[in-house]
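Q: Here are the chains, one letter per residue:
2 protein chains.
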Amino acid sequence: MKIGILGYGNLGRGVESAIRQNPDTELVAVFTRRNPENLKIQTPSAKVLNVNEIENWKDKIDVLILCGGSATDLPEQTPKYAKMFNCIDSFDTHANIPAHFENVDKSAKEGKKVAIISVGWDPGLFSLNRMYANAILPDGNDYTFWGRGVSQGHSDAIRRIKGVKDAKQYTVPVEKSLQSVKNGENPELTTRQKHTRECFVVLEDGADAKQVEHEIVTMPNYFSDYDTTVHFITEEELKKNHSGIPHGGFVLRSGVTGFNKDEKHIIEYSLKLDSNPGFTSSVLVAYARAAYRLYKEGSFGCKTVFDIAPAYLSPKSAEELRKTML
Amino acid sequence: MKIGILGYGNLGRGVESAIRQNPDTELVAVFTRRNPENLKIQTPSAKVLNVNEIENWKDKIDVLILCGGSATDLPEQTPKYAKMFNCIDSFDTHANIPAHFENVDKSAKEGKKVAIISVGWDPGLFSLNRMYANAILPDGNDYTFWGRGVSQGHSDAIRRIKGVKDAKQYTVPVEKSLQSVKNGENPELTTRQKHTRECFVVLEDGADAKQVEHEIVTMPNYFSDYDTTVHFITEEELKKNHSGIPHGGFVLRSGVTGFNKDEKHIIEYSLKLDSNPGFTSSVLVAYARAAYRLYKEGSFGCKTVFDIAPAYLSPKSAEELRKTML
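Going down the list, the protein sequences come from chains A and B. Using my numbering, read the first sequence as starting at -3 and increasing by one per residue. Using my numbering, read the second sequence as starting at -3 and increasing by one per residue.
Hints listed in this document are in silico derivations from the structure and should not be mistaken for laboratory results. Misleading hints may appear alongside valid ones.
Which copy is meant is left open, so a pair is good if it fits within one copy or across any two.
[Claimed, not checked] Calculated lysine to any residue pairs in the SDA-like style (CA-CA distance at most 25 Å, straight line): (1) K235 to F255; (2) K178 to D270; (3) K292 to H238; (4) K319 to D101; (5) K54 to E200; (6) K76 to D204; (7) K312 to E51; (8) K(-2) to E211; (9) K312 to E171; (10) K206 to L290; (11) K190 to Q175; (12) K292 to D20; (13) K36 to E293; (14) K79 to E49; (15) K79 to Y291.
Bear in mind the structure is a predicted one, so any value in this text is a computation, not a measurement.
So here's chain A without its partners, still in its complex pose (with noise of 0.2 Å):
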């Protein structure tokens, strides 16, 4: 399986990363905005392009990944290429997913691709555990815990604040509520209940600490309903100890059956992730699996993680499945 990857930021790279992992797939081709000679790639068999190449490459790539944001990368990228290729994308901007989905199932209609969308732990992942639980235990209550993760939104909020050299923000679930959740007990939780917030920020040189602090925990919709904790550090800190990118969560469906309705379940799916890239392109790239599969049964659209029949993201067959795995 050709792979080509349009965009070589950390999920490009983990991409080609997940790629390595993968012996059924290749990729042939990284494309790029900037200039290809400024581009260093881990994979010498790759050509390195410019995206305006991109249309040359139609019959030489089974399935392009988008590794573009869903800011502005992904709403106009994916339509685009999924007239031309079989696309993955890990569109992410939840309330937008059903525009999103319309523009790109138009496009792999037309162009008789197959494009997932949304693919990825949330969306992606979580999505599934929500849906699977949901089926199975009509009665009951959902709860998504995020973290402790690094969220890049709430890191890039801190850095724009006047006084602020670098920073980055945790995500943190509040661990009583969880435990709550966990015991069956159904907590109606309120925003603060669920998640605090930790920030690590390294100021400019005489920049005011206490205005610095005062305008982060303040700040509406990222920060003004949580509690937020600020800590100042150096910048050789920073570097030292959280360069990292983790993340995680916890998905929670608390459930009852029984004619009664007496019988009281929990079901839950966590993720704790040393990187949240390297993790999220080897969701990627597992769906590119799949999305080639369908593509050669003959199938074409939009799709998602909902969609899609789990054994297509393994490279084993449905013998060896069967016999191995259930």
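Given chain A, work out where chain B should sit, using these hints.
A: Chain B alone, transformed into the frame defined by chain A:
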């Protein structure tokens, strides 16, 4: 969707109860090998019939849920009835799944019906999670822990010992080993290091407790490879504190990504169930929905949870799922 139940033990009762929680399903008939007049069910609108009348119901039932045991009932029943009905079973003898699949597949293809076998939580939801996690993290280790929960087979084995009036056996994961896996330490675990076995035993009058305990803890296959604790209790205590059928467990995959394989990830799926049959039957009903939909689309043959796209399990439309669960 009109549902028939074959076999009215704990699982059959669970299916009847689960049907009440799913407004798009309706119980129309329960088939039994017993005298139907002696069997009381909770659904006034449904018929109770002897199994030898089942052929007359071919056109009145959309999906037949087989609620017999894996040892002798299902190997015979599922192939037999998959010719006449869309069928769901919970066949759980892992080693015999490939052979059972072949038998059922032949029948279902002959009858142009859909049969989904080995539905439940293990095999079933645990299998799904093993498979997804393996497809996403090809470099890693799998761990499955069961419990804390009642093992019917082990309880029965104790009951067969001379001097034992009644007994209940709990399989318990070893907390330290579970934590080691969750910490990404990738331990190699022996049988003894994974689970302990806790037994609650009611003796016959005049039985020799020491002798019974010795026979339990030294029993090959069942107990001799485990650290086993035996508690002797009264019949009243057993009834009061151990009459439920709780179960659950953990499926974990611990894997790595990155060019240097230095990013560790843990995927964990766990269930905490008040009632094993109550939960299993809820899974059966969700897959009955999938079987019927696939049948209406023209599909036929034997399938497993690996072959079923998640959306087929949900009563919600694809649009609704994308909007609310993705």
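Q: Each hint should be assessed against the structure and marked as holding or not.
A: Against the structure, the hints:
For the identical chains of this complex, K235 and F255 are inter-copy neighbours only, at 21 Å across copies versus 57 Å inside a copy, given an alpha-carbon limit of 25 Å. Both within a single protomer and between protomers do K178 and D270 lie at most 25 Å apart by alpha-carbon distance, with minima of 24 Å and 13 Å respectively. With identical chains, the CA atoms of K292 and H238 are never at most 25 Å apart, being 44 Å at best within one copy and 54 Å at best between copies. For a Cα distance limit of 25 Å, the shortest separation of K319 from D101 across copies, 15 Å, qualifies, whereas the shortest one inside one copy, 36 Å, does not.
With identical chains, the CA atoms of K54 and E200 are never at most 25 Å apart, being 49 Å at best within one copy and 78 Å at best between copies. Taking the shortest alpha-carbon separations for K76 and D204, neither the intra-copy value of 47 Å nor the inter-copy value of 79 Å comes in at or below 25 Å. Proximity of K312 to E51 under the C-alpha cut-off of 25 Å is found in neither arrangement, the shortest distances being 32 Å within a copy and 38 Å between copies. In this assembly of identical chains, K(-2) and E211 lie within 25 Å of each other by CA distance neither inside one copy nor across copies; the values are 49 Å within and 60 Å between.
Proximity of K312 and E171 under a CA criterion of 25 Å is satisfied in neither setting, with 39 Å inside one chain copy and 32 Å between copies. Proximity of K206 and L290 under a CA criterion of 25 Å is satisfied in neither setting, with 57 Å inside one chain copy and 62 Å between copies. Both within a single protomer and between protomers do K190 and Q175 lie at most 25 Å apart by alpha-carbon distance, with minima of 11 Å and 24 Å respectively. For the homomeric pair K292 and D20, the shortest alpha-carbon distance inside one copy (15 Å) is at most 25 Å, but the shortest distance between copies (34 Å) is not.
For a Cα distance limit of 25 Å, the shortest separation of K36 from E293 qualifies neither inside one copy, at 36 Å, nor across copies, at 49 Å. Taking the shortest alpha-carbon separations for K79 and E49, only the intra-copy value of 15 Å comes in at or below 25 Å, while the best inter-copy value is 55 Å. Taking the shortest Cα distances, K79 and Y291 sit within 25 Å of each other inside one copy (13 Å), while across copies they are farther apart (32 Å).
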